[in-house]
Every structure is written in structure tokens, then in C-alpha cells.
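Peer 1: Using the sequences provided together with the hints, build the complete structure.
Sequential numbering of the sequence shown, starting at 1429, is according to this note's numbering.
Don't take every hint at face value.
As the list claims (entries may be wrong) - Computed cross-link-like contacts, BS3-like style, restricted to lysine-lysine with a CA-CA straight-line distance of at most 30 Å: (1) LYS1576 / LYS1554; (2) LYS1474 / LYS1576; (3) LYS1554 / LYS1474.
No lab work stands behind these hints, which were simulated from the structure alone.
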Amino acid sequence: MAPSKLAAILASGEDGQMIRVSGQQHLPASAEIVRQRLTQMHWLVKQMPHLARVESVAEDSARFVVRPGFSFLRGEMTVYLQRLTESSELAWQMEVRGIGSSAQAVVRCNLQEDGEEACQLHYEVKLEQVGGLLRTLQGSLLRAAVDKTVQDFLANLQNSLGPSKPSQD
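Peer 2: Structure below.
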């Protein structure tokens, strides 16, 4: 399996709605640069897929609006993102609210150098709670939505960190 593919997509929990997505992604920047960027909340928010607008950004938190565009989830959803500082790893808590739906997730990342100007991002996303209309969805549909969102975020991250284009004289 290629490094950018998911290593595991698992469903568990009493209500069958807790979803865990984990994997790794090769990034074209050193672990130091990636860590620095991911701790800059304003930069991090700009990498979010389907970003409609940013409402507020502080050092360790942000509030922004996304339009997911899934057939089962239309309209706008407000995301509250809070950096967790419980360990040396990169970690965030997300609370998502839309009309008739809500979710809570925790995202954890570790970085490992992979050469002079590259690193491996190891990640885990746990969708810990879902409410409202999201609770009625099948687990496989939620897993697919989380997977798609993670892959879109990783693509945005990859593009933002990619080598700059040569200047044209």
C-alpha cells in the first residue's frame, strides 16, 4: 500500500458511530518546517477542505465555516478547532455543528524525518461523537466522509508544502 493510502479505517464504539482513520503521508518538507506550519493556526485553517470563510483565529483555536458538499450533508457547518497541548505530538480537538447535525473529533499527528527535506506525517482521526442527522447515517457512509475529508486535507497540505515553481524570466 502506498504511503499516502490509509493504513486503517476502523469502526468501533457502543453506538457503532465512533470512527478512526489513520495512516501516513509523505510530505516535501522537513519535519521542523511541517511542525512549524501546523502549529500556525491561521495557516492550518487555510488547508481545510471546502473552506467557505474564517470567522476567528487565535494562537491555539479557530472558528471557520465549511461547505462539505456531500450528498447527505449540504449547507454550511461551523468548525471549532482547538489545539491540544497535552503532549509533544500535534493534536487538535474539533467540534462541528450544522443545522440538525453535530460531531466531535480528535486529530493526532506525529512527524518523522525522511531525508533532508522531507518527512512522514503519521496521523489518526477519531470521530468520537455524532449527533442529530449524522447519527442516522450508516457507519460506512460516515467512514467514507471522514476518509474523503482527510484525503482532501492531505492533498491541500501536500500542495502547500510542495516545491515552489521555477520563476519565468
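Peer 1: Each hint needs a verdict: does it hold in this structure or not?
Peer 2: Okay, the hints, checked on the actual structure:
Restraint check: the Cα-Cα separation between LYS1576 and LYS1554 comes to about 14 Å, which is no more than 30 Å; the hinted pair holds. Our distance criterion of 30 Å between C-alpha atoms is met by LYS1474 and LYS1576, whose separation comes to about 17 Å. Distance restraint check for LYS1554 and LYS1474: the Cα-Cα separation of roughly 21 Å lies within the 30 Å cut-off, and the hinted pair is therefore satisfied.
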